[in-house]
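If you're matching them up, the sequences are chains A and B in order. The opening residue of the first sequence carries number 1 in this note's numbering; numbering runs sequentially from there. The opening residue of the second sequence carries number 1 in this note's numbering; numbering runs sequentially from there.
Warning: the hint list may mix true and false statements.
Only some residues are given here: those of chain B computed to face chain A with a beta carbon under 7 Å [unchecked claim]:
hint, residue
1, Arg4
2, Leu29
3, Ile31
4, Glu32
Just a sample of chain B residues kept apart from chain A, beta carbon distances all over 12 Å, derived [stated by the list, open to error]:
hint, residue
5, His13
6, Leu17
7, Thr22
8, Asp30
9, Gly36
10, Arg43
11, Asp60
12, Asn76
13, Pro84
14, Gly85
15, Ser87
16, Ile88
17, Asn105
18, Ile112
19, Gln116
20, Ala118
The hints are simulated quantities; they were obtained by calculation from the structure and are not laboratory data. Note that beta-carbon positions come from the ideal geometry of N, C-alpha and C, so glycine has one too.
2 protein chains.
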Amino acid sequence: MIKRENEMKVAVHKEFLGGKGTLTNIHFLDIEDAAGSGRLFVRSILEPGSSIGNHTHKGDFEVYYILKGKALVDDNGIKVELNPGDSIHTKNGSFHSIENIGEENLEYIALILFDQEA
Amino acid sequence: MIKRENEMKVAVHKEFLGGKGTLTNIHFLDIEDAAGSGRLFVRSILEPGSSIGNHTHKGDFEVYYILKGKALVDDNGIKVELNPGDSIHTKNGSFHSIENIGEENLEYIALILFDQEA
Numbered sequence: 001m002i003k004r005e006n007e008m009k010v011a012v013h014k015e016f017l018g019g020k021g022t023l024t025n026i027h028f029l030d031i032e033d034a035a036g037s038g039r040l041f042v043r044s045i046l047e048p049g050s051s052i053g054n055h056t057h058k059g060d061f062e063v064y065y066i067l068k069g070k071a072l073v074d075d076n077g078i079k080v081e082l083n084p085g086d087s088i089h090t091k092n093g094s095f096h097s098i099e100n101i102g103e104e105n106l107e108y109i110a111l112i113l114f115d116q117e118a
Numbered sequence: 001m002i003k004r005e006n007e008m009k010v011a012v013h014k015e016f017l018g019g020k021g022t023l024t025n026i027h028f029l030d031i032e033d034a035a036g037s038g039r040l041f042v043r044s045i046l047e048p049g050s051s052i053g054n055h056t057h058k059g060d061f062e063v064y065y066i067l068k069g070k071a072l073v074d075d076n077g078i079k080v081e082l083n084p085g086d087s088i089h090t091k092n093g094s095f096h097s098i099e100n101i102g103e104e105n106l107e108y109i110a111l112i113l114f115d116q117e118a
């Protein structure tokens, strides 16, 4: 099944999970099509200065894969800068946050997948 | 867990699944870290003229999300051009192929996830 960019669901979140500014999620796969594998399959865009607040994953895990821009992440208590090509994997039971600390939009793939071994 | 671009597994495949030329997969999440959710989490690069041959998914499904370049895909029997921002979802039991028909590298996210409803 083909989905064109202009047919994808676009969700705009303000101060998401206690963060700052604006997060835009472009859903390249909808949850109804994920066959029980996960609950989020998006290209995320955080505007300069915007962030997602710290949150813990329970029953699932999340991966961010950076495409453009510069991120500061909190990786379960350790703050690290990420650049395009880097990833962060937040396991079931761990927490993370992400902030755009660059001057252009921060773009990344975000996947939330269910922990099938839990 | 942070993974830097230069720490990721890079797999180079020639004439993959009966296709042409060279496919490079950059593994931003390893299968050991996927908690049973899937078996491929990569940024794929197909050089101009390169392709992956037609193949059927059994027990899993695959999503391609185009980042750069121009693709010709066979979506379970229907040939379609894809551009950056477009996606193709190949369900459990369906087949697909992909070819770089542009003049620059074709880059896309490829995810193979297990069908938990099968």
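Outcome of the hint check:
no., hint, in the structure
1, Arg4, "holds (5 Å)"
2, Leu29, "holds (5 Å)"
3, Ile31, "violated (12 Å)"
4, Glu32, "violated (11 Å)"
5, His13, "holds (20 Å)"
6, Leu17, "holds (20 Å)"
7, Thr22, "holds (19 Å)"
8, Asp30, "violated (9 Å)"
9, Gly36, "violated (3 Å)"
10, Arg43, "violated (7 Å)"
11, Asp60, "violated (9 Å)"
12, Asn76, "violated (8 Å)"
13, Pro84, "violated (8 Å)"
14, Gly85, "violated (3 Å)"
15, Ser87, "violated (4 Å)"
16, Ile88, "violated (5 Å)"
17, Asn105, "holds (15 Å)"
18, Ile112, "violated (10 Å)"
19, Gln116, "violated (3 Å)"
20, Ala118, "violated (7 Å)"
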